[in-house]
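*Asks:* Listed below, chain by chain, are the residues.
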Amino acid sequence: MLKGTGVSAGIGIGKALLIEEHSLEYTPVTITEPQAEIQRFRDAVAATKKQAEALRSSAGEKEAEIMLGHISLIEDPFLTGEIEKLIGGGQCAESSLEQMCDMFISIFSAADDDLTRQRAADVRDVKAGMLSVLLGIDEVKISDAPEGSIIVVKELTPSMIAEIKKENVAGIIAETGSTTSHSAILARVLEIPAVMSVDGALMSIMGGDTVICDGKTGEVIVSPVESELNEYIAKRERFVKEKAELEQYRGKPTVSADGTKYELVCNIGKPDDAAKAVENDGEGVGLFRTEFLFMDKTSVPTEDEQFDAYKKAALILKDRPLIIRTLDIGGDKEIPYLGLEKEDNPFMGFRAIRYCLKYRGLFRTQLRAILRASAYGNVSIMFPLITCVEEVRAGRLLVEEMKDELREEGIAFDENIKVGIMVETAAAAVIADVLAKESDFFSIGTNDLTGYTMACDRGNGNVAYLYSVMQPSVLRMIRRTIECAAKEGIPVGMCGEAAADPLMTPLLISFGLTEFSVSAPSVLRLRKNIASWTKERADEVATEAMKLETRYYFLEVRGAAEGF
Amino acid sequence: MVSKALVITNAQGFHMRPASVFAGAMAKFPCKVFIKFNGNEYNAKSPLNLMAACMKCGSEIELVCDGDQENEALAAAAEMIQNGFGE
Chain W
1 MLKGTGVSAG
11 IGIGKALLIE
21 EHSLEYTPVT
31 ITEPQAEIQR
41 FRDAVAATKK
51 QAEALRSSAG
61 EKEAEIMLGH
71 ISLIEDPFLT
81 GEIEKLIGGG
91 QCAESSLEQM
101 CDMFISIFSA
111 ADDDLTRQRA
121 ADVRDVKAGM
131 LSVLLGIDEV
141 KISDAPEGSI
151 IVVKELTPSM
161 IAEIKKENVA
171 GIIAETGSTT
181 SHSAILARVL
191 EIPAVMSVDG
201 ALMSIMGGDT
211 VICDGKTGEV
221 IVSPVESELN
231 EYIAKRERFV
241 KEKAELEQYR
251 GKPTVSADGT
261 KYELVCNIGK
271 PDDAAKAVEN
281 DGEGVGLFRT
291 EFLFMDKTSV
301 PTEDEQFDAY
311 KKAALILKDR
321 PLIIRTLDIG
331 GDKEIPYLGL
341 EKEDNPFMGF
351 RAIRYCLKYR
361 GLFRTQLRAI
371 LRASAYGNVS
381 IMFPLITCVE
391 EVRAGRLLVE
401 EMKDELREEG
411 IAFDENIKVG
421 IMVETAAAAV
431 IADVLAKESD
441 FFSIGTNDLT
451 GYTMACDRGN
461 GNVAYLYSVM
471 QPSVLRMIRR
481 TIECAAKEGI
491 PVGMCGEAAA
501 DPLMTPLLIS
511 FGLTEFSVSA
521 PSVLRLRKNI
531 ASWTKERADE
541 VATEAMKLET
551 RYYFLEVRGA
561 AEGF
Chain D
1001 MVSKALVITN
1011 AQGFHMRPAS
1021 VFAGAMAKFP
1031 CKVFIKFNGN
1041 EYNAKSPLNL
1051 MAACMKCGSE
1061 IELVCDGDQE
1071 NEALAAAAEM
1081 IQNGFGE
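Those protein sequences? They're chains W and D, same order as listed. So the first sequence is numbered by my numbering: it starts at 1 and just counts up by one. So the second sequence is numbered by my numbering: it starts at 1001 and just counts up by one.
Since the hints were derived computationally from the structure, they do not count as laboratory data. Only a predicted model underlies this, so the values are computations on that prediction, with no experimental measurement involved. Careful, some of the hints might be misleading.
[Unchecked claim] Derived lysine-lysine pairs resembling BS3-like cross-links, with alpha carbons at most 27 Å apart:
#1 Lys1032(D) with Lys333(W)
#2 Lys1036(D) with Lys85(W)
#3 Lys241(W) with Lys270(W)
#4 Lys297(W) with Lys1056(D)
#5 Lys276(W) with Lys312(W)
#6 Lys141(W) with Lys276(W)
#7 Lys85(W) with Lys1056(D)
In isolation and in its complexed conformation, chain W is listed as follows (with noise of 0.2 Å):
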């Protein structure tokens, strides 16, 4: 058995289909006609370029970027200058080519930084791809790979990835990659099983083996015996059919097994994500964050920007319910043009609403643009890191100051839009009940709260034991949090990670939480465990779970969860 590193989940099992590297050696031969030449080696440039953009323009939007970082390198002025200078010489265009590129792929594989090395691997697929041009070699195709094929290869390169045909491909094995290079991310967006790393895979494995490769553990076995074969076949069954599973929940509902109705919607950050909240059948968007629009820029966004970027969302979502979070940045951001300082402290520092009730000019611009996609959809605004009551009344004054404005101007939007608070710190949680007079909703961002709650910062190895949603001080937090929310009739989300963790699905039913806001991948599943659980047995174990005095964690509610 071979062993590599899972990189994309599933069981693979098929024929190999070895992709061997074409042997792209050439004598190098010395010119007489540069001229001539160097128009040899322009033709290629052309070629190599148009084929990188006809990849770019059939793959995905992943894909695409990768291409044109790969068309800017093919393009590079100082590497074809080099290489013509060369040619100019006497030497091939060949083996101009092959010292220029062998030049950077030896500076970059040098570097101190995980990045820059990954970059040696672009500089190798875009050489590779011009050597073949200019010694035309009809490069062995991925896109004709029969259906069921395991694809072996030295190193999967992303123009390799581009040409894959999903249906026809049943897995992937690499000798090199890891987790993080391109090629494992995309692997994982075609949802096709990986494994990289395999030590001589090319050698151990020849065209037309049998051969099963395992996503999740990185387990590699050449022409399988009976019993192995049989073994991974039931093991692919139970990953379809955990999959098919939570498909029969598209669609549906998000119920308790006695009927009570949820609201499951998601986190996103940028508008395109809406679409992948609806397609994995998320009913809404639970927290829309802001950031990007401010981090991509080398100025404040204008109002007409935002606007556009909210109602693209809405507009996706149609009528579904978006819940969009004002600027949430501090010091620890680099926002430049925004002159936030460096501060010592920046979690406790000049950060989220307190930074945009003292620079009202952008918290304006922000909430008029808001204000008018809710004339395009079921928009709510939602201020982050509030910890007192003045920061709620501020904020709700300045959208009734940009609605008159917004009146005025004859602009449309929606009069009864709701504006609701992150509770996410401690001090929220702890005056809840006046917080819940004055807000139309609450979300819980559990992330923050876990962390101000336990003083603790997750990222620091040496007090990261701390952080736990599941302390009881933490769960505690988020009971009350969720009884002053209902006591006061408004609904009460979560947007951190422990809402799609299901050891926290029964505390959270018992609690009386009314919406739950995941990651667009986690809908289905969470939908299908909040069916699991009757009021009744979750409040038996939330009475359990609050008597603890250290923290929670019940392996028979983790188990029933995940099957064992």
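Once you've looked at the hints, dock chain D against the given chain W.
*Replies:* Leaving out everything else, chain D in the frame of chain W:
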């Protein structure tokens, strides 16, 4: 010839996207544009050169433009670098 001392501000330095975007923007100017860093000169119209320079966040560089439209090129380049390529 005009030049300006600058500090790289975006977290990951000149990785693929900023290098391509920056080099692409510089290619539009007729003058020579290069970056002096760590005692070497790098062609700022070449993404490969920019990436190979391994400039990191906080790296101090000197930006030099020489030729037609050198002032415009310098202003555009400085703005992109100071804004951290909008990241």
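*Asks:* Now tell me if each hint is right for this structure.
*Replies:* Against the structure, the hints come out as follows:
1. Lys1032(D) with Lys333(W): violated, 34 Å
2. Lys1036(D) with Lys85(W): holds, 23 Å
3. Lys241(W) with Lys270(W): Distance of about 32 Å is beyond 27 Å: violated.
4. Lys297(W) with Lys1056(D): The hint holds at about 20 Å.
5. Lys276(W) with Lys312(W): Given pair Lys276(W), Lys312(W) holds - Cα atoms ~13 Å apart, limit 27 Å.
6. Lys141(W) with Lys276(W): violated, 31 Å
7. Lys85(W) with Lys1056(D): Roughly 31 Å between the alpha carbons, so the hint for Lys85(W) and Lys1056(D) is violated.
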